[in-house]
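Number of protein chains: 2
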Amino acid sequence: MEIVNIGIAGLGTVGSEVAKQLQLNSEFLNKKAGKKLNLVAVSANNKNKVRNFDISNLKWFPDAEKMANSKEISLVIELIGGSDGVALDLCKNSLINGKSVVTANKAMMSKHGYELAKLSETNNCSIAFEASVAGCIPIIKSLRDALSGSSVNSISGILNGTCNYILTEMREKGVSFNEVLKDAQAKGYAEADPSFDVDGIDAAQKLTILSAIAFGIAPDLNNLSVSGIRDVDVTDILFAEELGYRIKLLAFSKFDNGLVQEVSPCMISLDRQISNVEGVLNAVELDTELAGPVMLTGYGAGAEPTATAVLSDIISIVQGKQPNAFGPKTNELNLNVKHGEKESNRYYMRLNVIDKSGVLAGVTEIFRKYALSIESLLQRGRNPNEEVPVVITTHETDYDTLQSVMKDLTNSKELISKPVCMKII
Amino acid sequence: MEIVNIGIAGLGTVGSEVAKQLQLNSEFLNKKAGKKLNLVAVSANNKNKVRNFDISNLKWFPDAEKMANSKEISLVIELIGGSDGVALDLCKNSLINGKSVVTANKAMMSKHGYELAKLSETNNCSIAFEASVAGCIPIIKSLRDALSGSSVNSISGILNGTCNYILTEMREKGVSFNEVLKDAQAKGYAEADPSFDVDGIDAAQKLTILSAIAFGIAPDLNNLSVSGIRDVDVTDILFAEELGYRIKLLAFSKFDNGLVQEVSPCMISLDRQISNVEGVLNAVELDTELAGPVMLTGYGAGAEPTATAVLSDIISIVQGKQPNAFGPKTNELNLNVKHGEKESNRYYMRLNVIDKSGVLAGVTEIFRKYALSIESLLQRGRNPNEEVPVVITTHETDYDTLQSVMKDLTNSKELISKPVCMKII
Chain A
14 MEIVNIGIAG
24 LGTVGSEVAK
34 QLQLNSEFLN
44 KKAGKKLNLV
54 AVSANNKNKV
64 RNFDISNLKW
74 FPDAEKMANS
84 KEISLVIELI
94 GGSDGVALDL
104 CKNSLINGKS
114 VVTANKAMMS
124 KHGYELAKLS
134 ETNNCSIAFE
144 ASVAGCIPII
154 KSLRDALSGS
164 SVNSISGILN
174 GTCNYILTEM
184 REKGVSFNEV
194 LKDAQAKGYA
204 EADPSFDVDG
214 IDAAQKLTIL
224 SAIAFGIAPD
234 LNNLSVSGIR
244 DVDVTDILFA
254 EELGYRIKLL
264 AFSKFDNGLV
274 QEVSPCMISL
284 DRQISNVEGV
294 LNAVELDTEL
304 AGPVMLTGYG
314 AGAEPTATAV
324 LSDIISIVQG
334 KQPNAFGPKT
344 NELNLNVKHG
354 EKESNRYYMR
364 LNVIDKSGVL
374 AGVTEIFRKY
384 ALSIESLLQR
394 GRNPNEEVPV
404 VITTHETDYD
414 TLQSVMKDLT
424 NSKELISKPV
434 CMKII
Chain B
14 MEIVNIGIAG
24 LGTVGSEVAK
34 QLQLNSEFLN
44 KKAGKKLNLV
54 AVSANNKNKV
64 RNFDISNLKW
74 FPDAEKMANS
84 KEISLVIELI
94 GGSDGVALDL
104 CKNSLINGKS
114 VVTANKAMMS
124 KHGYELAKLS
134 ETNNCSIAFE
144 ASVAGCIPII
154 KSLRDALSGS
164 SVNSISGILN
174 GTCNYILTEM
184 REKGVSFNEV
194 LKDAQAKGYA
204 EADPSFDVDG
214 IDAAQKLTIL
224 SAIAFGIAPD
234 LNNLSVSGIR
244 DVDVTDILFA
254 EELGYRIKLL
264 AFSKFDNGLV
274 QEVSPCMISL
284 DRQISNVEGV
294 LNAVELDTEL
304 AGPVMLTGYG
314 AGAEPTATAV
324 LSDIISIVQG
334 KQPNAFGPKT
344 NELNLNVKHG
354 EKESNRYYMR
364 LNVIDKSGVL
374 AGVTEIFRKY
384 ALSIESLLQR
394 GRNPNEEVPV
404 VITTHETDYD
414 TLQSVMKDLT
424 NSKELISKPV
434 CMKII
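First to last, the protein sequences are chains A and B.
The numbering of the first sequence is this note's numbering, which starts it at 14 and goes up by one.
The numbering of the second sequence is this note's numbering, which starts it at 14 and goes up by one.
Since the hints were derived computationally from the structure, they do not count as laboratory data.
Just so you know, not all the hints are guaranteed correct.
[As the list claims (entries may be wrong)] A few chain A residues facing chain B, derived, Cβ under 8 Å:
#, residue
1, Pro207
2, Leu303
3, Ser417
[To be verified] Once the Cα atoms are required to be at most 25 Å apart in a straight line, the calculated DSS-like pairs of lysine-lysine come out as:
#, chain 1, residue 1, chain 2, residue 2
4, A, Lys49, B, Lys334
5, A, Lys342, B, Lys334
6, A, Lys48, B, Lys131
7, A, Lys44, B, Lys44
8, B, Lys369, B, Lys436
9, B, Lys351, B, Lys334
10, B, Lys124, A, Lys44
11, B, Lys84, B, Lys105
12, A, Lys44, B, Lys351
13, B, Lys369, A, Lys351
14, A, Lys49, B, Lys84
15, A, Lys342, B, Lys48
16, A, Lys334, B, Lys48
17, B, Lys49, A, Lys131
18, B, Lys44, A, Lys342
19, A, Lys355, A, Lys382
[Claimed, not checked] Derived list of chain A stretches under chain B, where covered just means 3 residues or more per stretch with a C-beta under 8 Å from a C-beta of chain B:
#, stretch
20, 34-45
21, 76-82
22, 106-117
23, 161-175
24, 243-256
25, 318-325
Positions of the beta carbon are idealized from the N, C-alpha and C atoms, including for glycine.
Starting from the given sequences, assemble the full structure and let the hints guide the process.
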């Protein structure tokens, strides 16, 4: 059996799991690959850390970049992370040297995916990154290979398990964002610095990768609007339930005349399957032109699901030359992407006001000014001269009108905090 | 741009849609493929039928098999159908002549998939069959390529849209199987001879293809038990709802020591996402060892969804050599598959009896005899000396015990028709 020598750079939970599987599950994996997958080298910060796999016969690289030049290694697994620095250097130089690369690095693929894809083409090798989006959910190969025959109208994804876990817990237990976050951090579902997840950046990076494949463009970090879930209150979650919706941090993109990419908490109708994707699960719903809706669900993170995607990419590469990274060749990708117009939507708003006469008149006057039609207005409970939430749902409106109303509301003296606003879909 | 000459054999709804897309959407498809997809020849029964694409410049093959020997054609699309005969001859000879084949033919892949895979290996070409299972749902490439890094514990699928439509309509409208079937036939959702669908054969063929890829075996039509939905009554559907379940025709397979493949109507807990897959939609839920549950949903039939899978396979093949048909090389597939033991389950039974004293004692005595523990027993309504349904749910029991009880119930003089029995999952 032909031998493929593999080096893993980065031995966090995913890297260690990949190493462990390559050692303990080799018979199964070699049969799939048709070649012997031979882990020969690793690199990480701390050589002396206790590992869950046998490091004794592996070559240790104090500098991960040097794997790119190692004659012993023909396939590089990059699991260091970070959009630039060591990870990027390693991947670029590996490809330049004709070594294929498997990576789970969404930050890097989002920022440098086009360049890396070009390098893989030029040097007749592959870069595979199924693990970079939604863990084990086979969304990259599905979009790029299995559904390539249809154009894609839009992508809707729950791409961040931390946010989905927090929103699910808030709803089920009726506790605040901060409380759930603390609990999630204790359980290891959220990082010590959670901003990457809860502010939507992680989901946004993943979305740019999916958009690139779906729409024949390069990953585009410019045409992108991002808001996270910090402002979602239990009040909003309860109102959503009452109205027949569930709040999810939704990554949405579409391409008509231009590109729209948006990560934001949305109220999703309970009739839509994606509204029922709970806890740490991820999901991606594709609206395809020819095949209708296609939805994929599974674990979007965690050592074993992510390692599955990495191992599957290893097997695919070892079996033979892979498709181009983003589907078409890089010179066929559309690089002149314009900003698309956001579609019209219904919206939910929560306005915190002081419970006194005349306030509602002041608020509704703003809607009248811009001819934004209110569908329902609800003030729950009474709290004279104290704070009370007023909840408004609107009829469908274009995005510019919404922005005008939101601007006036934000500046209105009737509101005692920033208004909360979500798409209803 | 390099040119690939394509021939389509079979111009039913799918074949015509593929031809139409190749003609009308060529810019998009060529960009994806990186080559010019050039439809040059077609074959069907009736040359003079009005088509939804331009047939005037295409070569017409009165005998589809002859495409296999045509020097003008380098890629053959087989959409004739049927496990043997012309379809099989065409595919075998095409592969022998080094022409890759794309097919949607589940009957053929189920019966001859191993042989065809071997031919494609020997002759250094590919056979692609994403469209043969669950229409556009990217389940074959997901199992084979994107999730190859994990072993699969079991597959649960809703693989027949006709059955799922019928069961959904029965539940929503409270009408009988026969009534919905007639309506489905009028709407084109069911064939004039519906047995292939409603008796579970179609789902079973698809299941054997998925099992092969998931478990590293050849498609196995021997280890397979199949029952359809003809015996499902509205009564069962209403009881299911009351108990918190939904009835679906489920295709289930697992491989421990041996292979279990089973197509049968099941009561699925409403907590499981797959229970909410309604109408003509299909779904496949994989229980993977390393990555946990992965579920895919979409249209399992119809001209456009199925054509999407065919077109995607064409693009993949044109882009370069494809993975082996079933993942590992055919000589790595396990061909000595033993019959596996069915797992223990809870069961639902409906027994039609005469409403008179002593009947329940006679029925329950059978359960006592085999120590099968009854969880609940429900006789709905009274109908003295007339037929009345008694509904029983059991505690978990092994399959042999169930069979003994079912045999005695079937022979019991207390029952006035065949007992209905379904797994509860």
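Hints and how they fare:
{"no.": "1", "hint": "Pro207", "result": "23 Å, violated"}
{"no.": "2", "hint": "Leu303", "result": "5 Å, holds"}
{"no.": "3", "hint": "Ser417", "result": "38 Å, violated"}
{"no.": "4", "hint": "A:Lys49 <-> B:Lys334", "result": "20 Å, holds"}
{"no.": "5", "hint": "A:Lys342 <-> B:Lys334", "result": "16 Å, holds"}
{"no.": "6", "hint": "A:Lys48 <-> B:Lys131", "result": "18 Å, holds"}
{"no.": "7", "hint": "A:Lys44 <-> B:Lys44", "result": "34 Å, violated"}
{"no.": "8", "hint": "B:Lys369 <-> B:Lys436", "result": "28 Å, violated"}
{"no.": "9", "hint": "B:Lys351 <-> B:Lys334", "result": "33 Å, violated"}
{"no.": "10", "hint": "B:Lys124 <-> A:Lys44", "result": "24 Å, holds"}
{"no.": "11", "hint": "B:Lys84 <-> B:Lys105", "result": "16 Å, holds"}
{"no.": "12", "hint": "A:Lys44 <-> B:Lys351", "result": "20 Å, holds"}
{"no.": "13", "hint": "B:Lys369 <-> A:Lys351", "result": "77 Å, violated"}
{"no.": "14", "hint": "A:Lys49 <-> B:Lys84", "result": "39 Å, violated"}
{"no.": "15", "hint": "A:Lys342 <-> B:Lys48", "result": "11 Å, holds"}
{"no.": "16", "hint": "A:Lys334 <-> B:Lys48", "result": "17 Å, holds"}
{"no.": "17", "hint": "B:Lys49 <-> A:Lys131", "result": "22 Å, holds"}
{"no.": "18", "hint": "B:Lys44 <-> A:Lys342", "result": "8 Å, holds"}
{"no.": "19", "hint": "A:Lys355 <-> A:Lys382", "result": "22 Å, holds"}
{"no.": "20", "hint": "34-45", "result": "holds (count 5)"}
{"no.": "21", "hint": "76-82", "result": "violated (count 0)"}
{"no.": "22", "hint": "106-117", "result": "violated (count 0)"}
{"no.": "23", "hint": "161-175", "result": "holds (count 4)"}
{"no.": "24", "hint": "243-256", "result": "violated (count 0)"}
{"no.": "25", "hint": "318-325", "result": "holds (count 7)"}
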